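Participant: Next come the chains, spelled out residue by residue.
Protein chains: 2
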Amino acid sequence: MHANMKSNHHRSRRDFLHTAALASGAAAIGVTSRAGAQNKARPPKLDRKMGIALVGLGYYSTDLLAPALQETENAYLAGIVTGTPAKAEAWMAQYDIPPENVYDYETFDALASNEAIDIVYVVLPNSMHAEYSIRASRAGKHVICEKPMAMNAAECEAMIAAAEEAGRKLSIGYRMQFEPTTQEIIRLGQERALGPIAMITAGAGYRERRADHWKLSRAMGGGAMMDMGVYSLQAARYVTGEEPVSVSAQTFVSRPELFTEVEETATFQLRFPSGAVANLHTSFGVGMNYLNVNALDGWIKVDPFSAYRGIRAMTSQGELSFPVINQQAAQMDEDAYRMATGEDVRVPGEEGLRDMRVVDAIYASARDGGRTIRLTES
Amino acid sequence: MHANMKSNHHRSRRDFLHTAALASGAAAIGVTSRAGAQNKARPPKLDRKMGIALVGLGYYSTDLLAPALQETENAYLAGIVTGTPAKAEAWMAQYDIPPENVYDYETFDALASNEAIDIVYVVLPNSMHAEYSIRASRAGKHVICEKPMAMNAAECEAMIAAAEEAGRKLSIGYRMQFEPTTQEIIRLGQERALGPIAMITAGAGYRERRADHWKLSRAMGGGAMMDMGVYSLQAARYVTGEEPVSVSAQTFVSRPELFTEVEETATFQLRFPSGAVANLHTSFGVGMNYLNVNALDGWIKVDPFSAYRGIRAMTSQGELSFPVINQQAAQMDEDAYRMATGEDVRVPGEEGLRDMRVVDAIYASARDGGRTIRLTES
Numbered sequence: 003m004h005a006n007m008k009s010n011h012h013r014s015r016r017d018f019l020h021t022a023a024l025a026s027g028a029a030a031i032g033v034t035s036r037a038g039a040q041n042k043a044r045p046p047k048l049d050r051k052m053g054i055a056l057v058g059l060g061y062y063s064t065d066l067l068a069p070a071l072q073e074t075e076n077a078y079l080a081g082i083v084t085g086t087p088a089k090a091e092a093w094m095a096q097y098d099i100p101p102e103n104v105y106d107y108e109t110f111d112a113l114a115s116n117e118a119i120d121i122v123y124v125v126l127p128n129s130m131h132a133e134y135s136i137r138a139s140r141a142g143k144h145v146i147c148e149k150p151m152a153m154n155a156a157e158c159e160a161m162i163a164a165a166e167e168a169g170r171k172l173s174i175g176y177r178m179q180f181e182p183t184t185q186e187i188i189r190l191g192q193e194r195a196l197g198p199i200a201m202i203t204a205g206a207g208y209r210e211r212r213a214d215h216w217k218l219s220r221a222m223g224g225g226a227m228m229d230m231g232v233y234s235l236q237a238a239r240y241v242t243g244e245e246p247v248s249v250s251a252q253t254f255v256s257r258p259e260l261f262t263e264v265e266e267t268a269t270f271q272l273r274f275p276s277g278a279v280a281n282l283h284t285s286f287g288v289g290m291n292y293l294n295v296n297a298l299d300g301w302i303k304v305d306p307f308s309a310y311r312g313i314r315a316m317t318s319q320g321e322l323s324f325p326v327i328n329q330q331a332a333q334m335d336e337d338a339y340r341m342a343t344g345e346d347v348r349v350p351g352e353e354g355l356r357d358m359r360v361v362d363a364i365y366a367s368a369r370d371g372g373r374t375i376r377l378t379e380s
Numbered sequence: 003m004h005a006n007m008k009s010n011h012h013r014s015r016r017d018f019l020h021t022a023a024l025a026s027g028a029a030a031i032g033v034t035s036r037a038g039a040q041n042k043a044r045p046p047k048l049d050r051k052m053g054i055a056l057v058g059l060g061y062y063s064t065d066l067l068a069p070a071l072q073e074t075e076n077a078y079l080a081g082i083v084t085g086t087p088a089k090a091e092a093w094m095a096q097y098d099i100p101p102e103n104v105y106d107y108e109t110f111d112a113l114a115s116n117e118a119i120d121i122v123y124v125v126l127p128n129s130m131h132a133e134y135s136i137r138a139s140r141a142g143k144h145v146i147c148e149k150p151m152a153m154n155a156a157e158c159e160a161m162i163a164a165a166e167e168a169g170r171k172l173s174i175g176y177r178m179q180f181e182p183t184t185q186e187i188i189r190l191g192q193e194r195a196l197g198p199i200a201m202i203t204a205g206a207g208y209r210e211r212r213a214d215h216w217k218l219s220r221a222m223g224g225g226a227m228m229d230m231g232v233y234s235l236q237a238a239r240y241v242t243g244e245e246p247v248s249v250s251a252q253t254f255v256s257r258p259e260l261f262t263e264v265e266e267t268a269t270f271q272l273r274f275p276s277g278a279v280a281n282l283h284t285s286f287g288v289g290m291n292y293l294n295v296n297a298l299d300g301w302i303k304v305d306p307f308s309a310y311r312g313i314r315a316m317t318s319q320g321e322l323s324f325p326v327i328n329q330q331a332a333q334m335d336e337d338a339y340r341m342a343t344g345e346d347v348r349v350p351g352e353e354g355l356r357d358m359r360v361v362d363a364i365y366a367s368a369r370d371g372g373r374t375i376r377l378t379e380s
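In the order they appear, the protein sequences are chains A and B. Taking my numbering, the leading residue of the first sequence gets 3, the next gets one more, and so forth. Taking my numbering, the leading residue of the second sequence gets 3, the next gets one more, and so forth.
Misleading hints may appear alongside valid ones.
One copy or two, it doesn't matter: identical chains are merged, so the pair holds either way.
[As the list claims (entries may be wrong)] Below 25 Å or equal to it, Euclidean Cα-Cα: the simulated SDA-like pairs (lysine to any residue) are:
1. 303 / 321
2. 47 / 194
3. 217 / 277
4. 217 / 276
5. 51 / 359
6. 47 / 262
7. 217 / 299
8. 217 / 198
9. 303 / 110
None of these hints come from the bench; they were simulated from the model. Please read all numbers here as calculations on a predicted model, not as lab measurements.
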């Protein structure tokens with residue numbers, strides 16, 4: 003970029019962000035978009051922190067959620083559920099968790115009588131999401147469940163029903179919706195700040211090399227689409243604020259020795275009611291993480307768009323610049339606050355269900371050789 | 003980007019470009035890739051400039067080719083073919099073209115006896131490419147034909163046969179293959195300088211608003227895929243240096259009042275023998291022009307990737323930086339030189355045919371609801 007281009011960009015960027023701030027203020031009065039106005043504010047501080055029990059102590063719990071729970075103001079790491087006694091010992095020691103708040107998958111339902119646990123966070127392989135979310139709801143707990151929400155839309159509906167019957171909240175772990183740059187992208191998209199959206203592409207992937215990981219198992223809910231693919235899908239949905247009316251998809255395997263059950267790569271296309279088209283992909287074959295939005299009056303480019311940190315977004319009007327936050331801490335703090343006060347959570351089970359309906363159609367299309375499937379509102 | 007990241011990028015970029023230069027030197031000795039070694043050098047100067055006749059005096063001839071022919075060293079604007087007398091008058095005056103070098107579509111075949119015309123450049127609507135290329139070959143002229151080469155692979159084969167029978171060259175107007183940054187991208191891709199290529203995406207489009215343009219006519223070879231779509235397709239083929247083994251495609255119309263015959267938007271997927279997957283798109287609905295290549299050891303991002311000027315390429319190793327050239331002048335100079343000396347042209351009819359085979363499959367898949375089509379070598 004030439005120096006003078008840069009300077010022009012900076013000028014227009016300032017105007018743009020000023021306009022954006024005004025628009026955001028306006029939205030606070032009459033919210034019409036899903037993005038809404040309550041994005042950037044941290045939730046108020048509760049008098050008493052909500053106790054969270056993490057179910058499943060794999061990488062995400064260990065490296066992301068437990069550290070984030072050291073930063074949260076409305077939630078703390080109160081308990082764990084694990085089938086591995088050595089892990090239980092280590093976590094009890096590291097995080098000062100009392101023995102009575104440690105469960106395994108046999109004793110899980112006894113959570114019902116433990117008043118120290120307000121929220122159960124399900125961080126298990128995808129095939130176990132529905133079962134443990136439903137059991138947690140039936141134990142009277144609020145639930146946060148990792149994405150993808152479950153194996154299919156039917157399981158999602160059962161999870162939603164169980165939470166409703168229990169009178170408890172169900173939140174899905176879409177951390178990006180708590181990330182400030184992403185929230186601004188959502189606002190720009192849904193408010194059509196750059197004009198009507200015509201084309202979206204997104205690619206999310208990493209190179210999977212572990213032959214023994216559950217992500218390679220069909221029965222456990224593996225496959226690139228179920229993993230990083232959900233980010234590409236979510237991005238197309240949150241940028242447009244619309245539900246797709248047709249879906250087509252193709253799956254690919256480049257390393258058949260590794261991918262005997264699930265797709266290594268998926269490409270998928272969504273048509274939205276407004277006329278926007280999304281051409282998306284995901285892969286276990288290569289690292290990639292980008293989102294491009296092409297609208298009639300401008301564009302947005304985000305790379306990376308779904309990383310834990312360092313979301314970088316350029317627009318035709320300049321770079322978006324927001325503070326880096328701990329996404330998981332922001333997510334759990336707000337969830338805990340809203341669960342405590344009874345407010346609707348930002349990403350309820352219904353949102354996970356909407357993604358899963360599309361994922362179901364993606365797999366159905368791919369099984370049918372890529373044939374386009376029409377979706378109807380349900 | 004943080005200042006220290008930028009500095010790191012700059013350092014590694016220098017090493018990378020140094021390595022690239024070495025690799026390029028090596029390739030000059032033993033060329034194995036299509037990209038080859040003869041990319042950057044301008045062709046030698048001929049003793050006598052080759053005379054080019056432009057057939058069809060629309061925007062591309064008027065705004066790009068005729069001005070470029072004022073810069074060429076091996077070719078000059080010797081004649082024109084137009085059905086519009088007023089255009090003939092204006093061009094004769096502006097470019098000092100003698101009356102005996104001015105033809106219309108009735109007198110076209112009389113080119114055969116005009117020794118001032120060495121090369122006929124077909125710049126007509128797509129539906130007329132085959133007819134006028136074949137007639138030019140039969141008139142004993144070398145031919146440059148704009149892309150897409152023709153309406154389908156069968157027409158391409160007839161054009162190739164006609165040039166062969168006449169003992170004349172046939173070149174397709176893929177100007178990007180003469181552009182230095184693109185040539186480096188081709189080399190990096192085909193030599194796998196960033197490791198095996200896993201994923202490619204590209205989007206090329208502009209917003210078409212002209213209801214009366216032939217690009218909206220099926221019979222005249224319109225449609226987004228036939229237009230900018232060829233750039234996305236070419237990019238996937240020249241980056242991999244491979245021919246796809248399967249193709250799927252979907253077409254979309256967001257403005258049915260404008261697009262009654264042809265697709266406004268096309269998305270298409272290619273699987274290559276190496277395992278690389280390309281998820282590509284093109285549109286008459288929105289401006290976009292980007293290419294992303296994700297390889298196992300790095301990436302390339304180009305935006306724009308098919309503009310007339312200002313191709314900008316970033317790689318995981320730093321920015322690519324090459325002089326801006328007049329693409330059309332470089333293309334016609336080299337074509338003229340090789341046609342004069344009898345060397346193989348850089349982009350022969352066979353290359354246009356390879357694209358067109360894929361385009362045929364793209365339309366066939368889209369007509370069949372997106373079903374994947376396997377391609378066999380032919």
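Participant: If the cutoff is 25 Å on CA atoms, where do residue 47 and residue 262 land: within, between, both or neither? Let me know, please.
Facilitator: Neither. Shortest intra-copy (49 Å) and inter-copy (58 Å) distances fail the 25 Å Cα cut-off.
Participant: For residue 303 vs residue 110, is the C-alpha pair at or below 25 Å within one copy, between two copies, both, or neither?
Facilitator: Cα proximity of residue 303 and residue 110: none, with 44 Å in one copy and 49 Å across.
Participant: Is it within a copy, between copies, both, or neither that the alpha carbon of residue 217 lies no farther than 25 Å from that of residue 277?
Facilitator: Answer is between: at 20 Å across copies they meet the 25 Å cutoff, but 34 Å inside does not.
Participant: Indicate which option fits the pair residue 217, residue 276 if close means a Cα-Cα distance not exceeding 25 Å: within, between, both or neither.
Facilitator: between (35 Å within a copy, 24 Å between copies)
Participant: If the cutoff is 25 Å on CA atoms, where do residue 303 and residue 321 land: within, between, both or neither? Let me know, please.
Facilitator: Answer is both; intra-copy 9 Å and inter-copy 18 Å each pass.
Participant: With identical chains treated as interchangeable, where does the CA-CA distance between residue 51 and residue 359 reach 25 Å or less: within a copy, between copies, both, or neither?
Facilitator: neither (35 Å within a copy, 64 Å between copies)
Participant: Tell me, please, which holds for residue 47 and residue 194 at an alpha-carbon limit of 25 Å: within, between, both or neither?
Facilitator: neither (33 Å within a copy, 54 Å between copies)
Participant: From the Cα coordinates, with 25 Å as the cut-off, is the pair residue 217 and residue 198 best called within, between, both, or neither?
Facilitator: between (37 Å within a copy, 23 Å between copies)
Participant: Have a look at residue 217 and residue 299 and pick one of within, between, both or neither, based on CA distance no larger than 25 Å.
Facilitator: between (40 Å within a copy, 23 Å between copies)
Checked against the numbered hints above, the structure breaks hints 2, 5, 6, 9 and satisfies the rest.
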